[in-house]
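**Q** One line per chain: the protein sequences are A and B, in this order.
Per full-length UniProt numbering, residue 1 is the first one in the first sequence, and the count goes up by one each step.
Per full-length UniProt numbering, residue 1 is the first one in the second sequence, and the count goes up by one each step.
Hints are computed from structural coordinates only; laboratory data are not their basis.
Glycine included, C-beta positions come from ideal geometry on N, C-alpha and C.
Check the hints yourself; a few may be wrong.
Unchecked claim - Result set (DMTMM-like, lysine to aspartate or glutamate): computed pairs, CA atoms no more than 20 Å apart in a straight line:
id, chain 1, residue 1, chain 2, residue 2
1, A, Lys528, B, Glu124
2, A, Lys531, B, Glu162
3, A, Lys88, A, Glu108
4, B, Lys531, A, Glu72
5, B, Lys528, A, Glu162
6, A, Lys263, B, Asp246
7, B, Lys152, A, Asp264
8, B, Lys367, B, Glu339
9, B, Lys528, A, Asp125
10, A, Lys505, B, Glu108
11, B, Lys263, A, Glu162
12, B, Lys149, A, Glu162
13, B, Lys506, B, Asp559
14, A, Lys149, B, Glu162
15, A, Lys531, B, Asp156
16, A, Lys3, B, Asp246
17, A, Lys263, B, Asp466
18, A, Lys531, B, Asp246
What the hints assert, rightly or not - Using C-beta positions, here's what the derived DEER-type ranges look like:
id, chain 1, residue 1, chain 2, residue 2, range
19, B, Asp296, A, His457, 42 to 50 Å
20, B, Asp575, A, Pro555, 37 to 45 Å
21, A, Lys3, B, Met489, 28 to 36 Å
22, A, Lys3, B, Thr336, 33 to 41 Å
Claimed, not checked - Not the full set, but computed from the structure, chain A residues with beta-carbon under 10 Å of chain B:
id, residue
23, Arg136
24, Ile166
25, Arg180
26, Phe222
27, Arg228
28, Ala229
29, Asp230
30, Asp289
31, Asp292
32, Ala580
33, Thr581
One-letter residues, chain by chain:
There are 2 protein chains.
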Amino acid sequence: MMKRTHTCNALRKNDVGKSVTLIGWVDTLRDHGGIQFVDLRDRTGLTQVVFDPQHAALKEDLHHLRHESVIEISGTVSARGEAETNSKLPTGEIEVSAESLIIHNTSETPPFPLDDEKTDKVNEDLRLHYRYLDLRRPSMYNNLFVRSKASKATRDFLDEQEFLEIETPCLFKSTPEGAREFLVPSRLNPGKFYALAQSPQQYKQMLMVAGVERYYQLARCFRDEDLRADRQPEFTQIDLEMSFIDREDMYELIEGLLKRIWKDCLNVDIPTPFPRMSFEDAMNQYGVDKPDTRFDLKIEDFSDCFKKSGFKVFQGTIASGGVVKAFNAKGLSDATQGEMRELENTAKSLGAKGLAFIRITEEGEWKSPILKFFSEEEKAELQERLNIENGDLVFFGAAEWDRTCAILGRIRLEAAQLLKKRGRLSIPDDQYNFLWVIEFPLMLFDEEEGRYMATHHPFTSPVPEDIELLDSDPKAVRGQHYDCVLNGMEIGGGSIRIHQPALQKKVFEDILKIPVDIVEERFGYMLKSFKYGAPPHGGIALGLDRIVSILTNRPYIRDVIAFPKTQRGQDLMNDAPSTATPAQLRALHIEVNDLED
Amino acid sequence: MMKRTHTCNALRKNDVGKSVTLIGWVDTLRDHGGIQFVDLRDRTGLTQVVFDPQHAALKEDLHHLRHESVIEISGTVSARGEAETNSKLPTGEIEVSAESLIIHNTSETPPFPLDDEKTDKVNEDLRLHYRYLDLRRPSMYNNLFVRSKASKATRDFLDEQEFLEIETPCLFKSTPEGAREFLVPSRLNPGKFYALAQSPQQYKQMLMVAGVERYYQLARCFRDEDLRADRQPEFTQIDLEMSFIDREDMYELIEGLLKRIWKDCLNVDIPTPFPRMSFEDAMNQYGVDKPDTRFDLKIEDFSDCFKKSGFKVFQGTIASGGVVKAFNAKGLSDATQGEMRELENTAKSLGAKGLAFIRITEEGEWKSPILKFFSEEEKAELQERLNIENGDLVFFGAAEWDRTCAILGRIRLEAAQLLKKRGRLSIPDDQYNFLWVIEFPLMLFDEEEGRYMATHHPFTSPVPEDIELLDSDPKAVRGQHYDCVLNGMEIGGGSIRIHQPALQKKVFEDILKIPVDIVEERFGYMLKSFKYGAPPHGGIALGLDRIVSILTNRPYIRDVIAFPKTQRGQDLMNDAPSTATPAQLRALHIEVNDLED
């Protein structure tokens, strides 16, 4: 059995003259006047190997060499001439003159080129089908490498903070609220089902009741979602829970954790503490609860300004309880008709009737169909508060508060894209704007259901000074929830939990109006556990997939998951899911419905 | 919000005079002449707190104190008098005189005492129902603590060895061979099912094809087994795979890993390298493929001796291809009638017709119903090879080779138990006999199926020098499989895999006789992947639950799993599994069969 003496990224000029054995894949294969040059690749890098066919030991095998074959060579390290030096490769000053060759496995011609740039453009389904080949690309390997590093950094940090890694079950109880669950029929309990845990939430709270004090887990979680662009049926969260802490402790802990991850993975020092923003400010200024603060374009409220406006659309909206907001897409006055139509479509898809705007030409002329309705005072206030200059483009929203925020929040992001395209807004790849968003409302009234729903989940503790509002004005109650936001993406969220059994019961039954028998069935054991000395506790879950995709600067989490599923939940490599045998279904006491239904 | 200044295991004599704040659970509560003494407990230990009810700030709350309530106290550290010192507690030289008390949560009277010794005897179902209370016991917390430490040691070691931690999917393709799988209906692919991965076997081999070279994962695995005494539907393995290695590399790696785990968890240095034993020797000498070598009682083969014996049972067995074996249960001649009956029942349950034996009295008299058939030469050979002395008890087995081994292997273990009970065999708790069992047959002929079945799995590579026997004498082919055995328990197993597509196809189709279409459906993608330059590779999986149960000296793996299921697969705490709603089932296109079937 072979033993390599070096990896393919190890040899340097001072190794010249050494006898070495390398093993790896044939990355490239070139013939220069009868001499064969191979770039031999392993996970660490490339080394050039030279085969002189005059060498008796090589003659026979040499013409079997193919791209992506696995070979082992022994030979001597030699220096390359100055002209032959490859300054792009760490091993570029040397090459290995092969004296023996073993072909461990040959390769058929791969279905697509394994080249970092070209392969990104290959049909993704094809790449998923041959995932084991796609992963051979150095950039894909690097995604896995960084993910492993981020996991290790997380574990090292939390271990130093005296957290215990504890595994909680995946086979959990079905709690059919919230996201859709995967069900697992139980053979030993016919007619009954497990649900694959959507998160370890309930178990980790039980660990706090058990006195564990500090728990963490890189937890596999499962959600049977209609797969949106960037969701996966199974994903991983950095899940943790602590007793005897408050929100400040949690901010400090997570800032330390993320600092460590960024340091270990990218050698980047991220500044802490992170800025904090209330939910209300986030919505008002950025139109979203996960603001991207890497650029400005802040939204301003003009409801006071237009309260008595001659523009009846604005005036009427405000009179009926709505708001008027605007932001200045700085320097975007050259937006094309097509781009404006796109923006308007976005606004309409969010429930706007249209998208009012003012275009300010390079010459300073204001152009807008609605301008004629505005008073000079209104224009002056817009000018001043939005800092309007030549070449700007101002967008308006006028509707209920939350809808107005949402519309302008999305238009703001799309406007930023248009500015980036024009080179007027540039965001460095390595800019990381972390942010805590806090003071969320504890619950929101759901018009469809006709009752309050927990904004995050029903275990979140109210802010203490708001508890007395629970009966009188539930929607004013703020929760002790916190979201961690990075560059406009939510990378985690958590809360201080309710630990008092009476308060938890009140939230379930009196506020959220969950029927008593359902509360008992789904959460009865938690309420019971709280009666035996539950400590004050809180926790958080951070999306590991998302964090790694940001660390590796990849757009999709499937790029940082070794074997992702497609949007239809399929593993194209091995063709899962597949049909079950009749015997399997019989044993589980289930049958498949008529699929024509 | 409170901040504790110290944990409950931190204060010592040199802290006397300090003002401190502690938080924890009321472990014990005693009244000595109006003064209340509380042992305050957190996960680290206990500190005695003294409440003087004269203290105005305490008066009101003090009579609300209950066992297991969560309280926070501030006070001053004082020295205990010599008579009051508790030498069993690290904090036994001090106590804290409370000046303030906050009760964070009260507790109802727990359903069982939270006491390490007594609670072990409480009905296990009750303890599982209140798992969050059972876990409060220091010994149970310690199990979780050691598990966390063992996981960390594993990750640290494998990280140093340049392994990448890579997560593979739980939602896998159904491959209905081997152990029974859990099925998961796919809503997005009606009529199709995922299987919960029984192990990452196929995915990790794909990672090797992908060029990852060194992969590990603490992998959650799922098996829908009829739960035997010590199995769980989900369990965790230390799962790893490497390219470009042979068996020796794997032995060295795993010995290093286990050495590190034992060092980090127990501060015990285990000697390496581990002894190795062939499958054949293990069966011949210990009657089992996972020998407990902490005691001797070795089995010897007497087939040659009895080939022409006057004892027709032995002679006939040998003549028809069977074997005669025996071992000396040293010093067990005082086995009772009842014990002998038990042993005979064991033998019969394994297919023996009876259990022949010779009892050697303390006076040296040999007693046995079969003695009269033995020649003097036969007795002399027994005497010599089994080192028979006064007070011994010799057991015989006579049947086919594998059955004889299995019977005497079990009798050997039961005899050892009887010797332990009598104090004639003592095995220290901290004796760790590691062992590699190697050279397993690659496959075994399955009489029922009428074909060869892979001894471990169909991906195991044959020993190179045996490959030529694949067609002519398959049962003689040894596999490159290795089992890691500790104290008679298999703690892990693995193999060097087949990486040549033609050989893998041959094993599937020609040797194991799996129909071509089934091979294509289940393993087609693996065979295909091997055609694109699969490297030589191998791996192993170690049972983390079992390892931790040995480290913590607990008999069952459920003791080292935070939330285990019962033997019927139920979580008694939260009542999983449970019924699904009709809407859930409709969405999944399945229905539950008539359960009367």
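**Q** Now tell me, hint by hint, if it's right for this structure.
**A** Status of each hint after checking the structure:
For the suggested pair Lys528/A and Glu124/B, the alpha carbons sit about 19 Å apart, so the restraint of at most 20 Å is met. Taken as a hint, the Lys531/A and Glu162/B pair is broken in the structure, with Cα atoms around 47 Å apart against an allowance of 20 Å. Among the hinted pairs, Lys88/A with Glu108/A is inconsistent with the structure: their alpha-carbon atoms are about 29 Å apart, more than 20 Å. With a C-alpha separation of about 17 Å, the suggested pairing of Lys531/B with Glu72/A holds against the 20 Å cut-off.
A threshold of 20 Å between alpha carbons decides the hint, and for Lys528/B with Glu162/A the separation of about 46 Å lies outside it, so the pair is violated. Distance restraint check for Lys263/A and Asp246/B: the Cα-Cα separation of roughly 36 Å exceeds the 20 Å cut-off, and the hinted pair is therefore not satisfied. The suggested pairing of Lys152/B with Asp264/A holds, with an alpha-carbon distance near 18 Å, which does not exceed 20 Å. With a C-alpha separation of about 17 Å, the suggested pair Lys367/B and Glu339/B falls inside the 20 Å cut-off, and the hint holds.
A distance of roughly 17 Å separates the Cα atoms of Lys528/B and Asp125/A; the hinted pair therefore holds under the 20 Å criterion. For the hint pairing Lys505/A with Glu108/B, the CA-to-CA distance comes to about 17 Å; that is within 20 Å, so the pair holds. A threshold of 20 Å between alpha carbons decides the hint, and for Lys263/B with Glu162/A the separation of about 19 Å falls inside it, so the pair holds. Between the alpha carbons of Lys149/B and Glu162/A the distance comes to roughly 11 Å, so the proposed pair stays at or under 20 Å and holds.
For the hint pairing Lys506/B with Asp559/B, the CA-to-CA distance comes to about 44 Å; that exceeds 20 Å, so the pair is violated. Proximity of Lys149/A to Glu162/B is assessed by CA-CA distance (about 11 Å); at most 20 Å being required, the pair is judged to hold. Under the criterion of a C-alpha separation no larger than 20 Å, the hint pairing Lys531/A with Asp156/B is inconsistent with the structure, at around 39 Å. Distance hint between Lys3/A and Asp246/B is fulfilled; the C-alpha atoms sit about 9 Å from each other, no more than 20 Å.
With a CA separation close to 51 Å, the supplied pair Lys263/A and Asp466/B exceeds the 20 Å bound. For the suggested pair Lys531/A and Asp246/B, the alpha carbons sit about 57 Å apart, so the restraint of at most 20 Å is broken. Between Asp296/B and His457/A the Cβ separation comes to about 59 Å, which falls outside the hinted range of 42 to 50 Å. About 42 Å separates the C-beta atoms of Asp575/B and Pro555/A, a value consistent with the hinted range of 37 to 45 Å.
For the pair Lys3/A and Met489/B, the supplied restraint of 28 to 36 Å holds, since their beta-carbon distance comes to about 33 Å. Here the CB-CB span from Lys3/A to Thr336/B is close to 59 Å, at odds with the stated 33 to 41 Å. At about 5 Å, the closest approach between the beta carbon of Arg136/A and any beta carbon in chain B falls short of 10 Å, and the interface hint on this residue holds. The interface hint given for Ile166/A is met, as the beta carbon of that residue sits about 5 Å from the closest beta carbon of chain B, less than 10 Å.
The beta carbon of Arg180/A comes within 7 Å of a beta carbon in chain B, closer than 10 Å, and the hint placing it at the interface holds. For Phe222/A, the shortest C-beta to C-beta distance to chain B is roughly 8 Å, which falls under 10 Å, so the interface hint holds. Evaluation of the Arg228/A hint against chain B yields a violated restraint, the C-beta minimum of about 12 Å exceeding 10 Å. Taken as an interface hint, Ala229/A does not check out: its beta carbon lies about 15 Å from the nearest beta carbon of chain B, beyond 10 Å.
Annotation: Asp230/A was flagged as interfacial toward chain B, and the flag is violated, the nearest CB pair being 16 Å apart, outside 10 Å. Of the supplied interface hints, the one on Asp289/A is violated, with its beta-carbon coming no nearer than about 25 Å to a beta-carbon of chain B, more than 10 Å. For Asp292/A, the shortest C-beta to C-beta distance to chain B is roughly 28 Å, which exceeds 10 Å, and the interface hint is violated. Because the beta carbon of Ala580/A sits about 5 Å from the nearest beta carbon in chain B, less than 10 Å, this interface hint is met.
At its closest, the beta carbon of Thr581/A sits 6 Å from a beta carbon of chain B; the interface hint therefore holds under the 10 Å criterion.
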